[in-house]
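Asker: Just so you know, the sequences run in chain order A and B.
Using the UniProt record's numbering, you'd call the opening residue of the first sequence number 1 and step up by one each time.
Using the UniProt record's numbering, you'd call the opening residue of the second sequence number 1 and step up by one each time.
Hints in this document: simulated from the structure, not taken from any laboratory.
Being a predicted model, the structure only gives us computed values, none of them experimental.
Among the hints, erroneous ones may be present.
Since the list can't tell identical chains apart, any single copy or any two copies may satisfy a pair.
[Said to hold, decoys possible] List of simulated lysine-lysine pairs, BS3-like, C-alpha gap at most 25 Å: (1) K56 x K216; (2) K127 x K89; (3) K89 x K128; (4) K112 x K89; (5) K112 x K4; (6) K27 x K89; (7) K256 x K56; (8) K2 x K216; (9) K56 x K208; (10) K89 x K246; (11) K52 x K188.
There are 2 protein chains.
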Amino acid sequence: MKSKVLKVVKIGGKLIENEAKFTEFLKDFVALEGPKILVHGGGNLATEIAGKLGYKTQMFEGRRITDADSIKVITMVYGGLINKNIVAKLQALENNAVGLCGADGLSIVSEKRPVKEVDFGFVGDVKKVNANFIDSILEQNITPVFSAISCTEEGVLLNTNGDSVAAEITQAMSSIYETELYFCFEKKGVLADAQNDDSVIEEIDREKYEELLAEKIISDGMLPKLHNCFQALEHGVKQIFLGDFKLLKKESVYTKISN
Amino acid sequence: MKSKVLKVVKIGGKLIENEAKFTEFLKDFVALEGPKILVHGGGNLATEIAGKLGYKTQMFEGRRITDADSIKVITMVYGGLINKNIVAKLQALENNAVGLCGADGLSIVSEKRPVKEVDFGFVGDVKKVNANFIDSILEQNITPVFSAISCTEEGVLLNTNGDSVAAEITQAMSSIYETELYFCFEKKGVLADAQNDDSVIEEIDREKYEELLAEKIISDGMLPKLHNCFQALEHGVKQIFLGDFKLLKKESVYTKISN
Chain A
1 MKSKVLKVVK IGGKLIENEA KFTEFLKDFV ALEGPKILVH GGGNLATEIA GKLGYKTQMF
61 EGRRITDADS IKVITMVYGG LINKNIVAKL QALENNAVGL CGADGLSIVS EKRPVKEVDF
121 GFVGDVKKVN ANFIDSILEQ NITPVFSAIS CTEEGVLLNT NGDSVAAEIT QAMSSIYETE
181 LYFCFEKKGV LADAQNDDSV IEEIDREKYE ELLAEKIISD GMLPKLHNCF QALEHGVKQI
241 FLGDFKLLKK ESVYTKISN
Chain B
1 MKSKVLKVVK IGGKLIENEA KFTEFLKDFV ALEGPKILVH GGGNLATEIA GKLGYKTQMF
61 EGRRITDADS IKVITMVYGG LINKNIVAKL QALENNAVGL CGADGLSIVS EKRPVKEVDF
121 GFVGDVKKVN ANFIDSILEQ NITPVFSAIS CTEEGVLLNT NGDSVAAEIT QAMSSIYETE
181 LYFCFEKKGV LADAQNDDSV IEEIDREKYE ELLAEKIISD GMLPKLHNCF QALEHGVKQI
241 FLGDFKLLKK ESVYTKISN
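Construct all of the structure, not just a fragment, from the sequences and the given hints.
Answerer: Next comes the structure, spelled out in C-alpha cells:
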C-alpha cells in the first residue's frame, strides 16, 4: 500500500475572481498537510481581455471556439497572469510553489480534438501526464500550480478543460501516491435539485450514480464533472470531494464520491 | 575544479520578435551540448498590448515606470505568452524545457527598487538566486527558461532587467558549475564605433575595459551591460560572450569577455 496521500485541488475560475473567497480558499489550501497540487481555471478574465484586444469570441452552440487569437489570450491570462499571481500569493503565505502549464516538462501531453461537425480550434484532450516530473517537484516540498493548458508532442499549446486536467493528473499520480481529488466550485456539492443550493447529496457511490443518472436527477452542467469523477475512481483515485470555496475545511456540507 | 560546464543564454526581446532570426537562434540553442538555461526579454509586445488594453505607459526621463497595470501586462506577456511559447517551441525541437519566473520555487528573489527622486513602481533588483532549485531541473536534463520577472520574499512580482537576471543566475550557478554567459542582442558584439556595426571589439579583459571606459569609447546603452559582465566575472563566471542571433554558432565575429 502507498503510504503517502497526495491531494489534488481544482479551483474554478469564478472563485478565483472573487478576491475574498479566493484568499480564504488559499489559506485553507496552504494549511493542507502533505504533498498537494493546485489546478486552476480562468473565469471570465480571458474573455474580457480578448474583447479589449479586439478579438472576437467565436461560439458554436454555446461552446467557445479557441482560434489562434484565443489561445494567445489564454496563454497570457491563464498561463501567465493568473498562474504567476497564484504562485506569488502562495509564496507570500510561505508555501513554496511552481507555476506550470502542460508544455513545461511536457507534464500534460494532449491531442488536438479531432474535427467533426465543427473545428473547435486549439482545444486538446489529455493523452499522458508526466508523473515523474511532477513528483520531482513534490519531492522538494514544492507545490505545482497548473493552468489548464496542455501541449501536443509537436509543441502546440492547447486549451484544455480544467476538470479533466485535474482528474488526469490525479489518476497519473495514483501510481506513486494514494490520491484524493477536490473540486472547489460555486455550488456546495452535487445538488439533487439544481434550483435548491441546499439540496446537496452528501455521498455518491457507483450505485447511487447509476440511480441518479436513471432518474435524470443530475443537471447538464454536472454530468461531465461526475463522469470525470467515476473515470478517475476507475483509474486509481481513492476519493473525490466536491464543494464550494470552504470545501478544504470540511466543516460544512459537501459531496464525497467513492466507488 | 568543477567538471561540468553550464551555459546561460540571454536572448533580447527584439530578436524574439523577428521570427526567422529567433527560429534560427532556437535551433542553435538546442544544439548546444550540456546543461543550459535560457533567459528572455520581452521586446515591444508588452507595450503594444498595454496600449490596446488602454493602459498608459508612464515614462520618466526615457525610463518606463512599471505601475500596477504594467506589471499585470508584463506578467501576461513575458511570464505567459512569450515564456510558454518558447517552451512549446523547444519541446517541438525535442529539447525538454520548463518556463519559469522568479516567483517559481522562489528562484529569483528581489527587492523593490527604493524610491528616490521618482518611484519606478514594480521594479526589482535581484537579491538571491535559488541555485539548488534550478539545479534540480537541470539534473533531469530539462532546460529552465526564465522570463525577467522576479519576486520579493513577500510574494510581490517585480519587473527586472533581463541582463541582470541572466548575470545573477549565472553567478549563482557558478557554485555548482563552471559557467559561461551568452548575450544575444541586435549587435554583433561590443562596438568601438556605435555607428559602425562592423567595429566589433573581439576580446575585452579588465585592462581593456578600463581603457575603453577612460577613452569613453563605450556607448551609453552598452555601459550597464559591460558593468554586469565584469561584476559576473568577479563572482565566479568564467567567460562571457556578446553577439547577434548567430552568436551560439561561434562562426562569425563576436566579443569575448574574460578577466
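Asker: Between K89 and K128, at a C-alpha cutoff of 25 Å, which is it: within one copy, between copies, both, or neither?
Answerer: Answer is between; shortest inter-copy Cα gap is 19 Å, intra-copy 29 Å.
Asker: Indicate which option fits the pair K27, K89 if close means a Cα-Cα distance not exceeding 25 Å: within, between, both or neither.
Answerer: Answer is within: at 10 Å inside a copy they meet the 25 Å cutoff, but 36 Å across does not.
Asker: Within, between, both or neither: how does the pair K56, K208 come out at a Cα-Cα threshold of 25 Å?
Answerer: neither (43 Å within a copy, 56 Å between copies)
Asker: Cα distance capped at 25 Å. Does K89 pair with K246 within a copy, between copies, both, or neither?
Answerer: within (18 Å within a copy, 39 Å between copies)
Asker: Up to 25 Å between alpha-carbons, please classify K52 paired with K188: within, between, both or neither.
Answerer: Classified as neither: same-chain Cα gap 33 Å, cross-chain 39 Å, threshold 25 Å.
Asker: What label fits K56 with K216 when the C-alpha limit is 25 Å: within, between, both, or neither?
Answerer: Result: close neither inside a copy nor across copies, 36 Å intra and 53 Å inter.
Asker: Treating 25 Å as the Cα threshold, decide for K127 and K89: within, between, both or neither.
Answerer: Cα proximity of K127 and K89: across copies only (19 Å, versus 31 Å in one copy).
Asker: Within, between, both or neither: how does the pair K112, K4 come out at a Cα-Cα threshold of 25 Å?
Answerer: neither (34 Å within a copy, 39 Å between copies)
Asker: Given a CA cutoff of 25 Å, do K256 and K56 count as a within-copy pair, a between-copy pair, both, or neither?
Answerer: neither (40 Å within a copy, 49 Å between copies)
Asker: Give the relationship of K112 and K89 under a CA distance limit of 25 Å: within one copy only, between copies only, both, or neither.
Answerer: between (32 Å within a copy, 17 Å between copies)
Asker: Is it within, between, both or neither when you check K2 against K216 at 25 Å Cα-Cα?
Answerer: neither (37 Å within a copy, 67 Å between copies)
Consistency with the previously given hints fails for numbers 1, 5, 7, 8, 9 and 11, ordered from lowest to highest.
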